[in-house]
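Colleague: Put together the whole structure using the sequences plus the hints.
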Amino acid sequence: MRVLISGVGIAGPTLAWFLARAGARITVLERSPAIVPHGQNVDIQGSARKVVQFMGLDDEVRRRNTTEKGTQFVNRTGRSFAAFPVNEGSSASLTSQYQILRGDLAAVLHNATKHHPNVSYLFGTTVRELSSGDVNEYDLVSKLRRQVFPAECVQVVDQGMYAVFWTIPRLPSDNDWWNIHLALGSRTQRAALHRASRADRPAQIAFMKAELADAGRQEARLVDAMDGAPDFYFQPIQQIKMKRWSLGRVVCLGDAAWAPTPLTGMGTSLALTGAYVLAAELARLGDGEHPATALDAFESPFVEEIQEIPVFVPGIAHHEKAWTRALF
Numbered sequence: 158m159r160v161l162i163s164g165v166g167i168a169g170p171t172l173a174w175f176l177a178r179a180g181a182r183i184t185v186l187e188r189s190p191a192i193v194p195h196g197q198n199v200d201i202q203g204s205a206r207k208v209v210q211f212m213g214l215d216d217e218v219r220r221r222n223t224t225e226k227g228t229q230f231v232n233r234t235g236r237s238f239a240a241f242p243v244n245e246g247s248s249a250s251l252t253s254q255y256q257i258l259r260g261d262l263a264a265v266l267h268n269a270t271k272h273h274p275n276v277s278y279l280f281g282t283t284v285r286e287l288s289s290g291d292v293n294e295y296d297l298v299s300k301l302r303r304q305v306f307p308a309e310c311v312q313v314v315d316q317g318m319y320a321v322f323w324t325i326p327r328l329p330s331d332n333d334w335w336n337i338h339l340a341l342g343s344r345t346q347r348a349a350l351h352r353a354s355r356a357d358r359p360a361q362i363a364f365m366k367a368e369l370a371d372a373g374r375q376e377a378r379l380v381d382a383m384d385g386a387p388d389f390y391f392q393p394i395q396q397i398k399m400k401r402w403s404l405g406r407v408v409c410l411g412d413a414a415w416a417p418t419p420l421t422g423m424g425t426s427l428a429l430t431g432a433y434v435l436a437a438e439l440a441r442l443g444d445g446e447h448p449a450t451a452l453d454a455f456e457s458p459f460v461e462e463i464q465e466i467p468v469f470v471p472g473i474a475h476h477e478k479a480w481t482r483a484l485f
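Note that my numbering has the sequence shown beginning at 158, numbered continuously upward.
Some clues are possibly wrong.
[To be verified] Using C-beta positions, here's what the derived DEER-type ranges look like:
no., residue 1, residue 2, range
1, 373, 440, 52 to 58 Å
2, 211, 322, 27 to 33 Å
3, 271, 363, 26 to 32 Å
4, 330, 406, 51 to 57 Å
5, 273, 194, 20 to 26 Å
These aren't lab readings, by the way, just hints derived from the structure by calculation.
On a predicted model such as this, the values are computed, not experimentally measured, just so you know.
Don't be surprised by glycine CBs; every beta carbon is placed ideally from N, CA and C.
Modeller: Written out as structure tokens, the structure reads:
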């Protein structure tokens with residue numbers, strides 16, 4: 158079996174790892190010229206931990222742990238008013254011992270597969286054409302969702318929120334906690350953010366500088382670091398829901414299929430587990446069986462359960478009034 162995978166993120170290399178060991182020949186395409194090193198903290202939870210352990214990557218993932226001591230909510234002076242330290246086996250904290258930067262996890266998965274004789278990586282390449290000009294017949298293709306599935310097959314659920322990520326230089330006064338300051342004004346729910354999300358980077362940075370001018374905590378430090386940040390990233394918080402994850406020989410996997418949003422903390426875990434399940438179904442195919450047989454069996458009801466986000470969650474994360482923040 159020949160398999161073409163688009164994207165060197167989390168799900169793609171994981172799928173390549175399992176399929177290559179089942180005898181499939183894998184080509185992985187990535188439009189970026191190299192592994193993208195950026196990304197926020199991600200957690201590996203539940204069955205996804207067993208997938209990592211099965212791949213023999215447990216020690217490496219733990220070695221690259223973010224070393225966060227926990228999560229705490231702070232006021233404008235930096236004083237903590239609610240702290241949730243790391244406690245293995247407990248869901249009380251937003252930080253886990255299996256927390257790693259997304260870029261680091263992608264690098265771990267890439268390193269685990271790049272030397273396998275059945276896996277070939279092509280960077281700076283898209284699924285529309287191979288830069289070498291070669292044409293190959295593939296039994297299974299993983300492509301960008303919008304290139305394959307009709308719009309009516311995909312439901313994009315807007316959460317009325319936006320997230321902006323960038324790194325800032327560490328100061329001696331910084332601690333090892335995830336410090337969250339709840340600024341008022343529901344800043345990530347303003348209509349102007351929708352326009353900004355479609356603008357170019359300079360316009361997005363200008364917008365965020367104005368938006369954070371009165372945020373109430375370290376706004377000058379945050380604003381000053383924007384221009385030089387190599388990983389500035391502006392995105393709407395949206396869920397992807399699909400009735401089917403495959404069409405013909407094409408399958409969506411990871412966030413392309415079921416992005417649960419950062420509000421659930423389960424996107425990475427679903428990508429790892431989904432890749433494992435898909436590989437298992439494909440490995441069960443007999444000689445001459447069409448991949449559609451495996452794709453039809455590739456269903457995970459737990460995805461729908463994890464995607465359930467209570468309607469009040471966005472309001473908890475981004476308060477409009479001071480009294481709601483005090484209540485929280």
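Colleague: All hints, please: hold or fail.
Modeller: Checked hints:
{"no.": "1", "hint": "373 - 440: 52 to 58 Å", "result": "holds, 54 Å"}
{"no.": "2", "hint": "211 - 322: 27 to 33 Å", "result": "holds, 30 Å"}
{"no.": "3", "hint": "271 - 363: 26 to 32 Å", "result": "violated, 39 Å"}
{"no.": "4", "hint": "330 - 406: 51 to 57 Å", "result": "holds, 55 Å"}
{"no.": "5", "hint": "273 - 194: 20 to 26 Å", "result": "holds, 22 Å"}
In terms of the numbered hints stated before, the structure departs from hint 3 and from no other.
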